[in-house]
Amino acid sequence: MKGFPWVSLIAIVIGFSLGLLYAWVISPIRYIDTTPNTLRADFKDQFRIAIAASYASTHDLGRAKARLALLGDADTSQALTAQSQRMLAAGEAREDVQQVAQLATNLITGLAQFQPSATVQATVSQVTVPPLTAATAAGTNTPTVIPVESPTLESTPAIIFTPTARPTHTPVPTPGAPYVPVAQDTVCNSNLTEGLMQISVVDKHNHQIPGAEIIITWSGSEEHIFTGLKPEIANGYADYIMQAGVSYSVRVGESGTPASNLTAPSCTDSGGQTFTGGLHLIFQQP
Amino acid sequence: MPRWIPPLIAIVMGIALGLVYGWVINPVQFVDTTPNSLRADYRADYVLMIAETYHANQDAGLAARRLAIFGGDTPAAISAQALQTGQASGYAPNDIILLQELTRAMQAYQPVPTVIGGKP
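Top to bottom, those sequences are chains A and B. Position 72 of the first sequence, counting from 1, maps to 72 under the working numbering, and the rest follow consecutively. Position 50 of the second sequence, counting from 1, maps to 50 under the working numbering, and the rest follow consecutively.
The shape of chain A in the complex, shown without the other chains:
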């Protein structure tokens, strides 16, 4: 292979390696001015919590939707529901969990159900959505990619905002009515856990409600459980194991109408064996 430019070839390879070293290690492309959809998952969770908390204060569903859209979730209500379940499982603050679950519910139903205070309501009525850039409104929020050595926010060019049409303020509807028991069935199924109380919470349109607080009382004791922890069954589902011979009272939320005198029924299977059955309760918001 006399005459082949080995030296030049080796030099090119060395140069290529040096170039790659500089481009990937010494001065890699730095992303600045990113958009929320590129955030790490835990930061997205923080954003959802902030959006839900803000929504609980302002009751502006349109603004909350616009903010959630920036996170790029395929199904925003599902993302919120899943997050509320993770937060419940992690033992996070109940208020935060309820706000996230409530926002998920209201996205599904399209209604705002928080009870606003007079002060907040007066302010909210004047609040408008902050300006979004043209890129945001058009859904083409691609991060700016600038190869720089020491990028800082201060060194970036000034942001030019293009005023866009703003969503109108979402009216604050009347708060939701307390949940009432609408159905109560005895469940005699020997395949289920004995004394299983199955509870479904739905709104007036029969949409499953995740994150609803269920209060179970008996003999001076009280237990609080939440819907949404078993999404494989239903988002508005929760269950509880009753003790035989104990009379329970169940209500959804502090102001809900209770279903009282609930006891685990006695059932008989096909073989004549007696076992403790269960109950299925449905609570609905009228």
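Mixed in with the good hints there might be a few duds.
[Stated by the list, open to error] Cβ-Cβ distance ranges computed for the label pairs, FRET-style: (1) A:D42 to B:N94: 23 to 33 Å; (2) A:R94 to B:I97: 23 to 33 Å; (3) B:G72 to A:R94: 52 to 62 Å; (4) A:D42 to B:Y21: 26 to 36 Å; (5) B:G72 to A:L9: 46 to 56 Å.
[What the hints assert, rightly or not] Quick look at which bits of chain B chain A covers, simulated, 3 or more residues with Cβ under 8 Å: (6) 39-53; (7) 56-68.
[Stated by the list, open to error] Calculated Cβ distances over 12 Å to all of chain B for the following chain A residues: (8) A56; (9) A79; (10) V180; (11) N189; (12) G195; (13) H207; (14) P231; (15) V246; (16) Q284.
Hints are computed from structural coordinates only; laboratory data are not their basis. Idealized CB from N, CA, C, for every residue including glycine.
Mind docking chain B on chain A? Use the hints.
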């Protein structure tokens, strides 16, 4: 032509190729970014969310903790930056008022020190 010229040209070409490949064809992919890399208007909108919540619950500690997501700067500085961005971006007057309220609260906020161990 001196013998060292062709290798030198080859090295320069290689560097150029490496840069094109590393910066353009197959750049380092950044996913899972952090909030402090967000564009200023998104940062300001996040701070506005905190301001809206603070207006309702007046919980400066909670607001400060949520602003800490940006790291680095103090809550007061983060809030002040958002206020500047909001003013420059033509936020609605009520949003500006909310950001001003939060900024004042963060400037006055003193975190409760955590005592570790026993007596000093």
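Quick rundown of the hints versus the structure:
no. : hint                       : in the structure
1   : A:D42 to B:N94: 23 to 33 Å : 31 Å, holds
2   : A:R94 to B:I97: 23 to 33 Å : 30 Å, holds
3   : B:G72 to A:R94: 52 to 62 Å : 31 Å, violated
4   : A:D42 to B:Y21: 26 to 36 Å : 33 Å, holds
5   : B:G72 to A:L9: 46 to 56 Å  : 47 Å, holds
6   : 39-53                      : holds (count 12)
7   : 56-68                      : holds (count 3)
8   : A56                        : 7 Å, violated
9   : A79                        : 17 Å, holds
10  : V180                       : 29 Å, holds
11  : N189                       : 46 Å, holds
12  : G195                       : 40 Å, holds
13  : H207                       : 26 Å, holds
14  : P231                       : 25 Å, holds
15  : V246                       : 39 Å, holds
16  : Q284                       : 29 Å, holds
Of the numbered hints stated above, those contradicted by the structure are hints 3 and 8, listed in ascending order.
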